[in-house]
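Participant: Sequence:
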Amino acid sequence: MTVIKEINKFHDEMTKWRRDIHQHPELGYEERRTSDFVAAKLKEFGIEVHQGLAKTGVVGTISNGNGPSIGLRADIDALPLEEKNTFKHAST
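Quick note on my numbering: the sequence shown kicks off at 15 and runs consecutively.
Derived by calculation from the structure, the hints in this document are not laboratory data. Glycine included, C-beta positions come from ideal geometry on N, C-alpha and C. Warning: the hint list may mix true and false statements.
[Stated by the list, open to error] Think about it this way: if two alpha-carbon atoms lie no more than 27 angstroms apart in a straight line, the pair counts; the simulated DSS-like pairs of lysine-lysine are:
#  : residue 1 : residue 2
1  : K69       : K57
2  : K102      : K23
3  : K98       : K30
4  : K30       : K102
5  : K69       : K19
6  : K23       : K69
7  : K98       : K69
8  : K69       : K102
9  : K69       : K55
10 : K55       : K19
11 : K98       : K57
12 : K30       : K57
13 : K30       : K19
14 : K98       : K23
[To be verified] Simulated restraints on C-beta separations:
#  : residue 1 : residue 2 : range
15 : E20       : G81       : 40 to 50 angstroms
16 : L41       : T16       : 31 to 41 angstroms
17 : N99       : I76       : 28 to 38 angstroms
18 : G71       : I21       : 37 to 47 angstroms
19 : I18       : I61       : 27 to 37 angstroms
20 : S105      : G79       : 26 to 36 angstroms
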């Protein structure tokens, strides 16, 4: 099975995750709910998790011995603005 087909199995669930995070915006260094959610999901996937970096940072570590490594990063903080849309998952 291709990676894309495997990922597509999770599409609906991941869409729910994204909408839930979007509905509960948190400003920088206040992203406790979001970082706890991300850490819990990483742990569910069997990934080693470290929390509390820069207050609300989360690091997931996947190891396979020595050798080349890659790093991925993402911002999880929201911007202080009022959404002007009618999506069910609009920020509150």
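Participant: Each hint should be assessed against the structure and marked as holding or not.
Facilitator: Taking the hints in turn, this is what the structure says about them:
{"no.": "1", "hint": "K69 / K57", "result": "holds, 19 angstroms"}
{"no.": "2", "hint": "K102 / K23", "result": "holds, 23 angstroms"}
{"no.": "3", "hint": "K98 / K30", "result": "holds, 21 angstroms"}
{"no.": "4", "hint": "K30 / K102", "result": "holds, 11 angstroms"}
{"no.": "5", "hint": "K69 / K19", "result": "violated, 36 angstroms"}
{"no.": "6", "hint": "K23 / K69", "result": "violated, 33 angstroms"}
{"no.": "7", "hint": "K98 / K69", "result": "violated, 30 angstroms"}
{"no.": "8", "hint": "K69 / K102", "result": "violated, 30 angstroms"}
{"no.": "9", "hint": "K69 / K55", "result": "holds, 19 angstroms"}
{"no.": "10", "hint": "K55 / K19", "result": "holds, 20 angstroms"}
{"no.": "11", "hint": "K98 / K57", "result": "violated, 35 angstroms"}
{"no.": "12", "hint": "K30 / K57", "result": "holds, 18 angstroms"}
{"no.": "13", "hint": "K30 / K19", "result": "holds, 19 angstroms"}
{"no.": "14", "hint": "K98 / K23", "result": "violated, 32 angstroms"}
{"no.": "15", "hint": "E20 / G81: 40 to 50 angstroms", "result": "violated, 24 angstroms"}
{"no.": "16", "hint": "L41 / T16: 31 to 41 angstroms", "result": "holds, 39 angstroms"}
{"no.": "17", "hint": "N99 / I76: 28 to 38 angstroms", "result": "holds, 36 angstroms"}
{"no.": "18", "hint": "G71 / I21: 37 to 47 angstroms", "result": "violated, 25 angstroms"}
{"no.": "19", "hint": "I18 / I61: 27 to 37 angstroms", "result": "violated, 21 angstroms"}
{"no.": "20", "hint": "S105 / G79: 26 to 36 angstroms", "result": "violated, 42 angstroms"}
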